[in-house]
Amino acid sequence: DQQVKQNSPSLSVQEGRISILNCDYTNSMFDYFLWYKKYPAEGPTFLISISSIKDKNEDGRFTVFLNKSAKHLSLHIVPSQPGDSAVYFCAATRGSSNTGKLIFGQGTTLQVKP
Amino acid sequence: GAGVSQTPSNKVTEKGKYVELRCDPISGHTALYWYRQSLGQGPEFLIYFQGTGAADDSGLPNDRFFAVRPEGSVSTLKIQRTERGDSAVYLCASSQNPGLQETQYFGPGTRLLVL
Chain X
1 DQQVKQNSPS LSVQEGRISI LNCDYTNSMF DYFLWYKKYP AEGPTFLISI
51 SSIKDKNEDG RFTVFLNKSA KHLSLHIVPS QPGDSAVYFC AATRGSSNTG
101 KLIFGQGTTL QVKP
Chain G
1 GAGVSQTPSN KVTEKGKYVE LRCDPISGHT ALYWYRQSLG QGPEFLIYFQ
51 GTGAADDSGL PNDRFFAVRP EGSVSTLKIQ RTERGDSAVY LCASSQNPGL
101 QETQYFGPGT RLLVL
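Residue numbers (the working numbering), protein chains in the order written: chain X, 1 to 114; chain G, 1 to 115.
Just so you know, these hints were derived from the structure itself, not from any lab.
A short, non-exhaustive set of chain G residues, derived as facing chain X with CB atoms under 8 Å:
#1 A31
#2 S95
#3 E102
#4 Q104
#5 F106
#6 G107
#7 P108
Glycine included, each C-beta is placed from N, C-alpha and C at the ideal position.
Whenever a hint applies, use it, and build me the whole structure from the sequences.
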């Protein structure tokens with residue numbers, strides 16, 4: 001049972017344009033969401049997060065939006081840069097678990113073309 | 001400072017053999033996690049250590065998998081009687097403390113191939 005889903009395996013955008021990566025979840029107990037970025041042969045690196053008490057969190061070019069009623073979140077990158085080309089993973093966790101165990105989506109490969 | 005390191009970076013073994021994968025977390029981090037990433041999938045949780053104890057091992061797929069962290073720092077993931085389906089990238093992560101909003105820092109992973 002895939003509790004966190006990223007239905008788009010890949011996305012290609014032009015440099016300078018907006019990249020929008022989407023993520024859906026099924027478990028209503030999730031209350032904290034994260035995005036990780038992964039380059040080849042490296043481990044995932046934390047990008048941005050959002051608590052379920054918020055609907056938006058912004059950090060520079062990266063903004064995460066959370067729609068709890070739709071169980072949907074998205075990552076916006078504006079403007080996109082070639083260095084943003086990587087695999088992006090959405091992850092979720094439950095505060096009540098008290099462990100920080102992350103449940104990841106399958107990932108979306110973003111290609112930003114110069 | 002140094003990040004999370006994992007050794008070996010690659011491991012090729014034969015079906016039925018025993019393997020050990022090592023993780024050195026960031027110094028001072030009390031929480032340590034193991035994940036497994038199969039081709040085309042996201043990382044999948046295996047086990048979580050708080051200090052020396054395994055606080056959550058609900059992700060270990062079966063009793064061939066075992067992990068230890070005897071001194072609360074380095075951890076070893078042990079796989080007995082390896083099967084071809086165990087082939088994956090094994091990722092280790094650590095965080096300063098456990099819990100909801102602590103950032104997990106990942107190592108580069110060990111790529112395990114079982115022939």
